Amino acid sequence: DANQGVQAQTVSNFYQAFANNLEIIPVINKIDLPNADPEGVREQLFTLFEIEPDKCFLVSAKLGTGVLQLLDAVVEHVPPPPSNSRESPLQIFLFDSWFDKYKGAVNMVQINQGILTESCQIVSCKTNKEYGIKDMGLLTPEQEEFPALYPGQVGYITCNMKTAKEAVIGDTFYLKNNPQPPLMEIEACKPMLFAGIYPLNPSEYKDLRGAIEKLCLNDASVSVSNESSPALGSGWRLGFLGVLHMEVFSQRLEQEYNAEVILTNPSVPYKLVIKGEKNIKELGRIKMVQNPSDWPENVKVEKFMEPMVSATIITPADYLSPLLELCNERRGEQISIVNIDQTRLSMQYKFPLNEIATDFFDALKALSSGYASFDYEDAGYEESNLVKLEVKLNGDTVEELSSIVHASKAVSKGKMIVGRLVEELPRQQFAIAVQAAIGKKILARGDLKALRKDVTAKCYGGDISRKMKLLKFQAEGKKRMRSIGNVSISKDTFVNILSNKR
Amino acid sequence: NRDHDAATAKTTLAKCLDVFGENVSVDLIFGAPSQSISEWLGDLTFVIDQGVNHVSSYQLTVERGTKLARQVNSSQVSLPDSHQAAEMYLEAVQLLKSRGLERYEISNFGRIGYECQHNIGYWSGGQYLGLGPGAHSRLGVGSDRRSLINHPSPEIWHTQVTRKGHGTAKEVVLDLKTVLGELIVTGLRRSEGIISSDWDNLCQRKILFVDFVKYLNNQTRPTGTNTAGFRMGQGQLEGLLWSDRQLKISRHHLSIADHIILNVYSHFLDFVSQL
Numbered sequence: 001d002a003n004q005g006v007q008a009q010t011v012s013n014f015y016q017a018f019a020n021n022l023e024i025i026p027v028i029n030k031i032d033l034p035n036a037d038p039e040g041v042r043e044q045l046f047t048l049f050e051i052e053p054d055k056c057f058l059v060s061a062k063l064g065t066g067v068l069q070l071l072d073a074v075v076e077h078v079p080p081p082p083s084n085s086r087e088s089p090l091q092i093f094l095f096d097s098w099f100d101k102y103k104g105a106v107n108m109v110q111i112n113q114g115i116l117t118e119s120c121q122i123v124s125c126k127t128n129k130e131y132g133i134k135d136m137g138l139l140t141p142e143q144e145e146f147p148a149l150y151p152g153q154v155g156y157i158t159c160n161m162k163t164a165k166e167a168v169i170g171d172t173f174y175l176k177n178n179p180q181p182p183l184m185e186i187e188a189c190k191p192m193l194f195a196g197i198y199p200l201n202p203s204e205y206k207d208l209r210g211a212i213e214k215l216c217l218n219d220a221s222v223s224v225s226n227e228s229s230p231a232l233g234s235g236w237r238l239g240f241l242g243v244l245h246m247e248v249f250s251q252r253l254e255q256e257y258n259a260e261v262i263l264t265n266p267s268v269p270y271k272l273v274i275k276g277e278k279n280i281k282e283l284g285r286i287k288m289v290q291n292p293s294d295w296p297e298n299v300k301v302e303k304f305m306e307p308m309v310s311a312t313i314i315t316p317a318d319y320l321s322p323l324l325e326l327c328n329e330r331r332g333e334q335i336s337i338v339n340i341d342q343t344r345l346s347m348q349y350k351f352p353l354n355e356i357a358t359d360f361f362d363a364l365k366a367l368s369s370g371y372a373s374f375d376y377e378d379a380g381y382e383e384s385n386l387v388k389l390e391v392k393l394n395g396d397t398v399e400e401l402s403s404i405v406h407a408s409k410a411v412s413k414g415k416m417i418v419g420r421l422v423e424e425l426p427r428q429q430f431a432i433a434v435q436a437a438i439g440k441k442i443l444a445r446g447d448l449k450a451l452r453k454d455v456t457a458k459c460y461g462g463d464i465s466r467k468m469k470l471l472k473f474q475a476e477g478k479k480r481m482r483s484i485g486n487v488s489i490s491k492d493t494f495v496n497i498l499s500n501k502r
Numbered sequence: 001n002r003d004h005d006a007a008t009a010k011t012t013l014a015k016c017l018d019v020f021g022e023n024v025s026v027d028l029i030f031g032a033p034s035q036s037i038s039e040w041l042g043d044l045t046f047v048i049d050q051g052v053n054h055v056s057s058y059q060l061t062v063e064r065g066t067k068l069a070r071q072v073n074s075s076q077v078s079l080p081d082s083h084q085a086a087e088m089y090l091e092a093v094q095l096l097k098s099r100g101l102e103r104y105e106i107s108n109f110g111r112i113g114y115e116c117q118h119n120i121g122y123w124s125g126g127q128y129l130g131l132g133p134g135a136h137s138r139l140g141v142g143s144d145r146r147s148l149i150n151h152p153s154p155e156i157w158h159t160q161v162t163r164k165g166h167g168t169a170k171e172v173v174l175d176l177k178t179v180l181g182e183l184i185v186t187g188l189r190r191s192e193g194i195i196s197s198d199w200d201n202l203c204q205r206k207i208l209f210v211d212f213v214k215y216l217n218n219q220t221r222p223t224g225t226n227t228a229g230f231r232m233g234q235g236q237l238e239g240l241l242w243s244d245r246q247l248k249i250s251r252h253h254l255s256i257a258d259h260i261i262l263n264v265y266s267h268f269l270d271f272v273s274q275l
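First to last, the sequence lines map onto chains A and B. Here my numbering is used: the first residue of the first sequence is 1, the next is one more, and so on. Here my numbering is used: the first residue of the second sequence is 1, the next is one more, and so on.
When the alpha-carbon atoms are kept at most 20 Å apart in a straight line, the in silico PhoX-like pairs for lysine-lysine are as follows:
id	chain 1	residue 1	chain 2	residue 2
1	A	Lys281	A	Lys303
2	A	Lys126	A	Lys176
3	B	Lys177	A	Lys479
4	B	Lys170	A	Lys469
5	A	Lys467	B	Lys170
6	A	Lys162	A	Lys134
7	B	Lys177	A	Lys467
8	A	Lys491	A	Lys472
9	A	Lys478	B	Lys177
10	A	Lys101	A	Lys134
11	A	Lys303	A	Lys409
12	A	Lys469	B	Lys177
13	A	Lys162	A	Lys103
14	A	Lys441	A	Lys413
15	A	Lys129	A	Lys162
16	A	Lys287	A	Lys303
17	A	Lys472	B	Lys177
18	A	Lys478	A	Lys491
19	A	Lys413	A	Lys392
20	A	Lys392	A	Lys449
21	A	Lys30	A	Lys62
Partial list, computed: chain B residues near chain A (C-beta under 7 Å):
id	residue
22	Thr61
23	Gly235
24	Gly239
By construction, these hints were calculated from the structure, which means they are not laboratory data. In this text the structure is predicted, and so the values were computed from the model without any measurement. Even for Gly, the Cβ is constructed at its ideal location relative to N, Cα and C.
Chain A extracted, bound-state conformation (with noise of 0.2 Å):
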């Protein structure tokens, strides 16, 4: 972008590409634009990737500038497609596909040896199903049909595929009868963030059921499995890729769906390799843990790992020490800085991925006045020092509002619960004592003192008719609440507590 600049994603992109020795051209897009620094661009990607700069095409899409001269480029410099016999049994790769409301699942596929025509029955490596093809072509962009596709070629296919769970991307195809070799090892997408979804009224379930289905049809890459919490009822645990895509579905969610959500706050996979004979036997050598309720006693426990990030951040230097301390604070490892210009850092981190799947995006923004960008990928998981954070009331314990945390944040996350329970709770007979405790070890402590004064002065003729009024309304109100113990809590009290507000 000849605006902008380098962004984190450009960094990350390319690292990838490099690593899969892919051929790299280097474009540089939007020349048309005022601002445009496309010579400042070029010392960028020389600066940081050793691009030497008379390899850029400098093009302005929207204008059509230098795309003529980037297409030869495209066809001269990319390598051709490995050119397998067409006499070889059929080997489809399939690497993309969408749904479209009445053809399906659309897949974009790649011919790898033998010849694709329309009588052919297809099956799929990954999940054994069988398919006969419904349409297919090439596309120029549009969807032009052809009747055959030979080794090499890359086209669409329609073959009555239902859901887009069934398009695994990565999958190869055989012709019936004559299984060949899966292309390519796939891994399912490893959702990297849950969040726990709830209808806001228990009545709207079946509606926002429907809704998730729907959405997931198109997004073959969220995870779905039934949650329940005694506080908000049924739900889900939904896994997405990351921030941004949980975002974008809840967004979705909302605004085409018209569905009340509460969405609980994003938790991460947590990796437990389990001690002991008898405890391995019961919950197996490697233990994946989502939900805090499912945490095993540390007893039990050899190793606590948790899912780590490599990250990129890209900065204006001017920013570069707010961004510093912020990084600092979500346990950040500074991996390399590097000037990529005049005036802006590239930074590599690595960052615990509990410590950036809520907020982390947005203080970035916030701290740079939104000239910094971010990027991350998975990087495994390390050993952690893993604590699980409950909330007591009067000693009864609340677990909905149970979190695992890293042993240094513990204290600072049990104080913010415990002043926010204080604040929201309403205060009743008998006082409530709020506690944040690890196993037994209190580690803040909030008092709620007990009502002293809650009466209508008058109670005479027409006041009845409204105490009566206000009564039911309250009552009403009542039975949103939950019990721990002695203490009634408003889901509202929940809600505020435990939803992702962004």
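Could you slot chain B onto chain A? The hints should help.
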């Protein structure tokens, strides 16, 4: 906006005592702007010293749209905070009791034998007829219990009375939940609470008092009976006392009656839904 001052009040009180003797009650408001506890107790003492047998006492409520509301919102006047108001109330209860005026309802105090019979009607499920514009009535019992409201506008009320012989604007038959709900709301404000016969008569024995009491028994752990033989509520029902004949809020909890009444009413609704 009162149209009298302290001096007028005093002379009027003296005249009333002259004419009506022992059957005089004084209404006093606490929690007024810049009122101190000692001033308040001083006023109470003065009134008792005059020889009244009954006092009604209310905390000042600021109504929306009044001159006082505007003054409070613009901080021109300051009212005592809820802690001070609670103090004033509790001190008043003590003082009146020491002078022989027993609290028999949250806001009503009288010597034995001088309780207001008219008002007790409201709080025991009695019937009452409202006359005049805006007045409320409760007529009948059980499935025939009706609420009537008279036209609030004096002109319309007057015209209607002249033409139809009554000023009723609206008449509604109440369902049993509401009928007993009203007894809960009013009866629990009394020191003696709700009496089983009032309850059973009011609903024509359709929902028996003892059955509700049995339900309450099941809501509490079997520990609590106090020295007078009452079962004691716990948790949400803390402060509630009951027996087969009576359901009441303990003296110490009367000042948070609204909170307890809400909890009792919620339990009542659950109880009814199980019937």
